[in-house]
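Model the placement of chain B on the given structure of chain A, informed by the hints.
Protein sequences, first through last, are from chains A and B.
In this text, residue positions in the first sequence follow the numbering used here: the first is 1, and each later residue adds one.
In this text, residue positions in the second sequence follow the numbering used here: the first is 1001, and each later residue adds one.
Keep in mind that the hints were calculated from the coordinates and are not lab data.
These numbers come from a predicted model, not from an experiment.
Here a beta-carbon is modelled for each residue, glycine too, at the ideal position from N, C-alpha and C.
A hint or two may mislead.
[To be verified] Just a sample of chain A residues kept apart from chain B, beta carbon distances all over 12 Å, derived: (1) T25; (2) V42; (3) V97; (4) Q141; (5) R181; (6) K251; (7) K270.
[Said to hold, decoys possible] Quick list of the computed label-pair ranges, beta carbon to beta carbon: (8) B:W1189 with A:R137: 46 to 54 Å; (9) A:L130 with B:F1319: 47 to 55 Å; (10) A:S140 with B:L1056: 40 to 48 Å; (11) B:R1208 with A:E167: 17 to 25 Å.
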Amino acid sequence: MSAHEVPAEGATQPGDGSGPSGNGTEPILRVEGISKRFGAVVALRGVDLQLNAGEVLGLVGDNGAGKSTLVKIICGFHQPDSGRIFLEGRQVHFRSVEDARHHGIDTVYQDLALVPQLPIYYNLFLGRELTFGGPLRLLSQHRMRRLSERYLDDIQVSIPDINAEVETLSGGQRQAVAVARATRSQVKVLLLDEPLAAMGAKESSLIIDLIKGLAARGQAMIVIDHNYTHMFELCDRLNIIEQGVVSLDTKVADTSIEELTSYMVSQYRKQVTTGREELSEAGR
Amino acid sequence: MAEPATLVTGGPPAGPEPVPPPAGRAPRRLPIRRIVERREAAIFVVAVGLFLYFALSTTAFVGYNNFVTLTQFLAPIAVIGAGEAVLLTAGEVDLSAGTAFIFFPFVFYYLTTNEGLPVAAAIIIALVTAALFGMLNGMLTTLLELPSFVTTLGSLFALDGIMEITSNGTQFNLVIPGAGGSILGLYSWSEVLWALGLVVVVYLILHRSRFGIHVVASGGNLVGAAEAGVKTTRVKIWAFVLCSTISALIGIVDASRLSLLDPGNDGTTEMFYAIAAAVIGGTALTGGRGTIVGAAIGSVVLGILYDGMYIKGVNAYWFQFILGAAILAAMVLNVQLRRAAVRHWRSLRR
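Okay, chain A solo, but in the shape it has when bound (with noise of 0.2 Å):
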């Protein structure tokens, strides 16, 4: 097996050179020690991680291995207990998601987080529309309508009618302007919650290329999701996570969907016959 294997203490050294960027230039970002337990949960326990620029970085997991709740921490909705956060070499804290934003880490939730009554341009800005002086704040929504088209225009999707709610698009759409949400403010690193999920396989094929022609202009992404097939298709290089630690991080050059299966059914069993172990030995 090709791809580097870490063990659970999480000893890699990111940034050191030997990671697998390899040339020693800074990751856009890295991820040292984060720890994070939920009352008696422990959901994280010493995770490092790094993303490179231009990369798209894949996290595989059982449903509970701690997937979400990193990805929720890099995007500022959690605050770790221990560890710490460089965004392209500098340490950085996020109190909230806009704090997190403002750094230029915004997210794809998957619940996508659209307002199905609004049209899709006041979507595009939920949170951040653009308004014009007075006490009331009125909104500038020629300002927005215009933006609004170019910012699908810069992810390269069409969508007819910009005054459409939301409500009226497909599965694929309504993802598209998630994504066209998350990207428009020139996101450093974008992260994607299950982009795939509930979605036909003509669908996905749609948010599939999307995520790719945001790959080929180096946009740096970390994507969660279930599916090997699909992960191998849009990941540079995958991280597994498993019980709170990435277990193994490789490049998906390196390795084969078969190659994973069989190391994440191994691992499984492993789990198993420990998990006996204890159990027989707590019987004694």
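Same frame as chain A, but now just chain B:
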């Protein structure tokens, strides 16, 4: 999944050059189509129909005196209805708005007559009190996570109680001398002018301001709005404040016109008319959709019905029944016309 093919991602993914945007992508919609597609279109047709019916079937309906009566009747409904439209859009409701409409004129009366404050100062203090009352409704609802149906039902009874206690159940004559009285309500058209002004302001707030978009977002997708950075709790509290304050203001205007304060009225009739006006105008009870223009036309429909049946001399027992049936009919017609219009335009799009 209506038209997945309309989402077109450009070119081969490897190509770094963006595909030029297709020219003229958002075609200008025909003006007639834009009018028919509006949610208010159906209720507008109903209003015109009712107007023509009463204008042609009676002699007294069209005329200066009756129009004064008609507008004075519908003015409070239009204003409270606009406030309810905002709250319904935010996914909430204010059952106490009608009681605020009745009670805050008492506060105004106590301040001017008992305390001797100037009219302007008394209005400001009464309105600030009303705003605090709305804030209490909003905070109970959002911070304690109670349904607004319950919080405002409670505050309705409490406010009514305060009115009975402080007035000892007696009526008062409200006399505002001079220009202040004319501006407030004694001039025939002053109440409807106040109402028009307030409805325009609420229209700008809901449909043209940042706050209005946040109201729609909070009512349409509460979690998603919060994820996108909308401060949903604050938005809802301010919506309650808006509803109570404008209800109190039009209440003071209405009481000035009547020159009478009557604690025997608890304001629930006005509240129900206002909610009916908002809903028949096209505002959804489920949140996320509301129209101030619709609520205003809804109040006109209720006004025409009420006034028209009075002029026709409909038997008092039948009056209430016909009014109820007419509200139901207007609502059904509204929904059906809207549906037919949407179906029609969708078929054209294909």
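Hint check results:
With a least CB separation of 21 Å from chain B, A:T25 remains clear of the 12 Å interface cut-off, as annotated. The claim that A:V42 lies off the interface holds: its Cβ sits roughly 25 Å from the closest Cβ of chain B, which is beyond the 12 Å cut-off. A cut-off of 12 Å between C-beta atoms contradicts the statement that A:V97 is not in contact with chain B; the least separation is 6 Å. Its closest Cβ contact with chain B, about 8 Å, brings A:Q141 to no more than 12 Å, contrary to its assignment away from the interface.
Residue-level check failed: A:R181 sits 8 Å from the nearest beta carbon of chain B, not beyond 12 Å. No beta-carbon of chain B is positioned within 12 Å of the beta-carbon of A:K251; the least distance is around 19 Å. With a minimum CB-CB distance of about 37 Å to chain B, A:K270 clears the 12 Å threshold, and the non-interface call stands. At about 32 Å, the CB distance of B:W1189 to A:R137 disagrees with the hint of 46 to 54 Å.
Separated by about 51 Å at the C-beta atoms, A:L130 and B:F1319 satisfy the suggested range of 47 to 55 Å. A beta carbon spacing of about 46 Å between A:S140 and B:L1056 agrees with the range 40 to 48 Å that was offered as a hint. Our hint of 17 to 25 Å for B:R1208 and A:E167 holds, since their Cβ atoms are close to 21 Å apart.
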